[in-house]
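The whole structure should be built from the sequences, with the hints applied where relevant.
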Amino acid sequence: MLLTLTADAPDAATPASDLGHLLHKHPDRVQTFDAGVGTAHVLYPRADAERCTVALLVEVDPVGLVRDRAGRGDGPLAAYVNDVPYASASVLAVALRRVFGTAMTGRCDRRPELASRALPLEVHVPAVAVRGDVALVAELFAPLGWDVAATPLPLDPRVPAWGDSRYVDLRLRGTLRLADALSHLYVLLPALDGEKHYWVGEDEVDKLLRAGEAWLADHPRRDVVVDRYLRRSRPLAASALERLAEVEHVPADALDDAVAARPEDVDDTSAATSATTGTPTGTPADTDADAVADDGPRTPALARLRVEAVHAALRAAGARTVVDLGCGEGVLLRELLADASFDRLLGVDVSHRALQVAARRLRLDRLPERQRARVDLAQSALTYLDDRLVGFDAAVLMEVVEHVDPPRLPALEQAVLGHARPGALVVTTPNVEHNARYGLDAGHLRHHDHRFEWTRAQFRDWARAAAAAHGYDVTFGGVGDEDPDVGPPTQLAVLTRR
Amino acid sequence: MSDDPTSQAATPEAFALLHHLVGVRLRAGLLTVVDATNVQPDARRQLVAVAREHDVLPVAIVLDVPEDVAQARNAARPDRGFGTHVVRRQAQQLRRSVRGLAREGFRTVHVLDGVAAVEAAEVVRVPLRNDLRGVTGPFDVVGDVHGCRAELETLLGRLGYVLVRDAEGRPVDATHPEGRRAVFVGDLVDRGPDSPGVLRLVMGMVEAGHALCVSGNHEAKLVRALAGRQVSTSHGLAETLAQLAAEPPEFRERVRAFCDRLVAHYVLDEGRLVVAHAGLKEAYHGRASGRVRSFALFGDTTGETDEYGLPVRLPWAEDYRGSATVLYGHTPTPALTWVNDTLCLDTGCVFGGRLSALRYPEREAVQVTAERVWCDPVRPFPRAEPTDGAPVVVGRSGAPGGGPDGDVVRGAPDRLRLDDVAGRRVVETRLMGRVSLRPEDAVGALEVMSRFALDPRVLLHLPPTMSPCATAREGDLLEHPREAFAQYAHDGVADVVCEEKHMGSRAVVLVCRDATVAAARFALPAGATGAVWTRTGRAFWQDAARTQALVDTVASAVAAAGAWDDLLADGDDAWLLLDCELLPWSAKAGELLRTQYAAVGAAARAVLPAAVDALAAAGDRGLDVSELLTRTRRRADDAERFTAAYRRYVWDVDGLDGVRLAPFQVLAAGSRTFTDRDHLWHLGVADRLVAADASGVLLGTRRLVVRTGDPASVAEGTAWWQALTDDGGEGMVVKPLANLVRGPRGLVQPGVKVRGREYLRIVYGPEYTSHLPRLRQRSLGRKRSLALREYALGVEALERYVAGAPLWRVHEAVFGVLALESAPVDPRL
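Respectively, the protein sequence lines represent chains E and X. In terms of full-length UniProt numbering, the numbers along the first sequence are unbroken and rise by one, the last being 498. In terms of full-length UniProt numbering, the numbers along the second sequence are unbroken and rise by one, the last being 829.
By construction, these hints were calculated from the structure, which means they are not laboratory data. Do not take every clue at face value.
[To be verified] Listed below are several chain X residues computed to face chain E (Cβ distance under 7 Å; list not exhaustive):
hint, residue
1, Pro196
2, Gly197
3, Ala614
[Unchecked claim] Covered by chain X, per the in silico footprint, the following chain E stretches (three or more residues, Cβ under 8 Å):
hint, segment
4, 39–47
5, 95–104
6, 155–164
[Stated by the list, open to error] Beta-carbon label-pair distances, calculated as ranges:
hint, chain 1, residue 1, chain 2, residue 2, range
7, X, Thr301, E, Ala442, 30 to 40 Å
8, X, Arg27, E, Leu440, 35 to 45 Å
9, X, Ala694, E, Ala442, 32 to 42 Å
Heads up, the beta-carbon is just placed ideally off N, CA and C, and yes, glycines get one too.
What follows is the structure, given as structure tokens:
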């Protein structure tokens, strides 16, 4: 990666090349420093009276990055084909501090007056990773006195259909103290990247935030900056699902999405296989909280109402033992566990990761023995017959059926109604007619993994046929505000064994 | 169990452990001897209970030696500190116990009276009466006859038996010129017109050794009636008793004795065949107990009755996972259908259906249609059309039947159980024996299989991973063809074929010739005659119309090339499974290309030229940057090469426009697999399809045969690869020409890939060529082992499928490939 910083002579008496004094680096020398995961070179392409440009070139050993396991954040296949050697803001920030640490403090014993003076500066970083809207670049730098030019780089000029990459060519112009300029870059470049950090040590984040103390407090987008630093990295070890995604040549998180919503999802989703919702506060460590926090409207009320509706339906059915089929992160189980009228609760999900989150949220390892004996979690898949699901008073399919490919629905019906045969089955699923109220176009589903969403008539047809085929009676209801034209946002059915 | 060997406190736990161990052995079907004093009734009661729980017969061997002998032996043992009164008490307990042992539940009691008797005794194991594992057939297994003597005579004739008649012309035996033996599944009697005639014939055959017969529930009831017990004479018993009343008393007594001796099930042919009247679950095979007999006679009844007053039975066959074929009757069904390697042969002859027999081991059915409706069924039963006696192909579970009258239908949807795939599993393969699957690998595979993969009835196969050749030790390449040739030479493979490796995505393509086969055999939806899936079993495209267009393209080429006739055997359903590469890579991996490859290229191409400019300017100022400048220029060039490398695999597609499909192997068709055909045959089929393809979608695969022991040929192969990769190709795959090969060290790798220098930038990063020494340190052992195991499982799935194995047996092998794929291994290999 590369960063150049150019200073023009502030007045006729001060040669531009005095920049070397402020940086504590002699303009006529080429110097090399250890910059953690890379090697930093400092050199001056130009150093004369009018103009002085310093270049910070950081070379990252891509093989060492993988083999030393210094890097974090990418699935293994991506490890070598990695933008870190070219655009990692965190590596560049570490190099800035190591190489220009003194300059960043504003200390210059030889030219103290110059250090405290605002200079006409120009910064160029040819590739800066920006997560999210490019406008953020100006939002972060402009309030600090910079003229900002952030030009998105095309992904591939020969494949124009691909559009722009997440990188911008960044040029900043402004008259600022050098120390401030360096500190701005040090703090804000990694914040723009936001996603992948290659820190040398855990204390690096503290150093960064301390460096910005002076000006960050009054920065209008302070919260965004801090939030992006506190985002946790994903674990380095690839999950089995990520490995299978690699086999498919699809992005590593394409399959392992059971506990992470995507920006395009309407945040109506609930438990089932996508249960990040229903928790208005709190960020589970391994969920992609930003996707929820940054984008789209939140309607936690609906997820909450749905849990309450299912809870009420289970009580009405007189169920004492309940199996939650597709329990996701355990939102419903937590609700039921708090109700002493349920003796035995089993949550099953096909996602191992969702079950891990559920176990943590239910605090399974800390529950008192008697509470613990009431609840269990297990991996299961509803297209296979599972004897562990047999013998419950009631079963719940809360926001699950729409995640099953329609041709596999008969297998699910066979497994649940034919084999597990609960006394009652509570089913909820989105009402697609209501999508218009979310501003969704026809054909656009609420969640990226929904294989379908049913109208009220379609849901009733399905539920009636399944109930009849397996000896159940069925009643219908809804969750959420009943719209006179399009019905409630969530539809509900209770099937009762004859 | 206790640190004090004389402690009595541990005794209850010690016995609990003993009973657990005994249970484990009995579950596994092992002879289990409990050598303990066993003189207390309670100790014996518990052992008898364990035996009953596992449906085995307990035998008591009593070693009754004089008390002074026991005292002397005890005194000689240094570790026994207890007094003589203990031994005396035990001797008394033993004497009191002996007489009651049979009453306690021991089926046989052997009392060895005295030291001499003990020393002279020899233990000889007597097989159970149901254990006929040594009788290997061939058999003709006949369904429920119910007094239909005329149809039975016709059926035996069609099966090739010659009837033997008595002086009055009544059949009393039947012999088969090839020595075949008939096996009757019971219910010879009741409802029909001539139960005595059927009994006379079958009793004669059994007594002459020409037939075996298990008891049906009707024989069991007849025995009780003939013994004078009070039984209800409904369900046709009254007719039988009336018919028997016309027979002499000796005949009735012979019938009573015959029926009384019938066992409830037989285990035949080395354990590969089980015959029981109402079927038998695996845990009961070769076992003996009241509940085993009850299951065999009546099925897995719930105690409830249905709307017709008939007992409700649980569908044990749908959950059957045993290795033995189970043949049975009892429940009349209009058509013969295999369900998990079990087959019900009761086709309701007495109700106007048919009398059926199955030739075993041929598994070919022969039927005779009832001459009339002999008895009106309680539950409606369809009247069968006459048959001509030609063999009937029995429907397989998950597969349609092909009977002459369309009388064989597909069973209920196959039910897969979670324990067919989850947890620690071992899959038996023909190629590699037992392949173990770790529970943690099944966890990820289960999620992908159930959330994303196609219906298991379609998903017959997943392709295995492939190892690269050994890493080149020197030079400017990481992978060099000579390593592949050397490896095969080392494995004893003289001839290999080099196949051009198309850089696309692996696609398995299923094509059926018509919609009937597609629907009946693969449960494909209306309008679909095939499927296309990826290495993890997902539909290649979600768009059904596009998938069908590709399937139609292949189907047209197969038809135009006349390839169906070569690939199918007589009577096969017309379907075909092809192993292919689908291009361009961007069609499947577009998202990865954009977000990963193109992005890295964009960043590199922005930064490195700017760095070159900065360094050049610094150099112009006289600074010493030459080394850095040279290196950065090379990196900038590498960034361009990297971009060029992935760009070759990117082009626009619209529908099928731009899509290319390169078939390179015929995986299976009809009733066959083709691992025994050499790769030139496979490529020859592909060539014919490409030539016959009018659409331009199908793409040929260039190839070259190399003799691994011939340096000139190896050089030619190397040059061929060089030209291929210089031209932008990904590389090649080297395979044993003969296809599936076993070498001196076992199964040989079915193929290794040799990837080109530029292509590997996509794998090892834009600048990997500057880091070769470290990148050579890669270990292939795990990858090779995985490749072999996945290959064995993939072939196993196909072989099981074409042999008509039940769905769960096919699916466990397919699932195994996915489970192994989720195991951690360097993904760059």
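Here's how the hints hold up against the structure:
no.	hint	verdict
1	Pro196	44 Å, violated
2	Gly197	43 Å, violated
3	Ala614	4 Å, holds
4	39–47	holds (count 6)
5	95–104	violated (count 0)
6	155–164	holds (count 6)
7	Thr301/X / Ala442/E: 30 to 40 Å	53 Å, violated
8	Arg27/X / Leu440/E: 35 to 45 Å	56 Å, violated
9	Ala694/X / Ala442/E: 32 to 42 Å	38 Å, holds
Comparing the model with each earlier hint shows violations of hints 1, 2, 5, 7 and 8; every other hint is respected.
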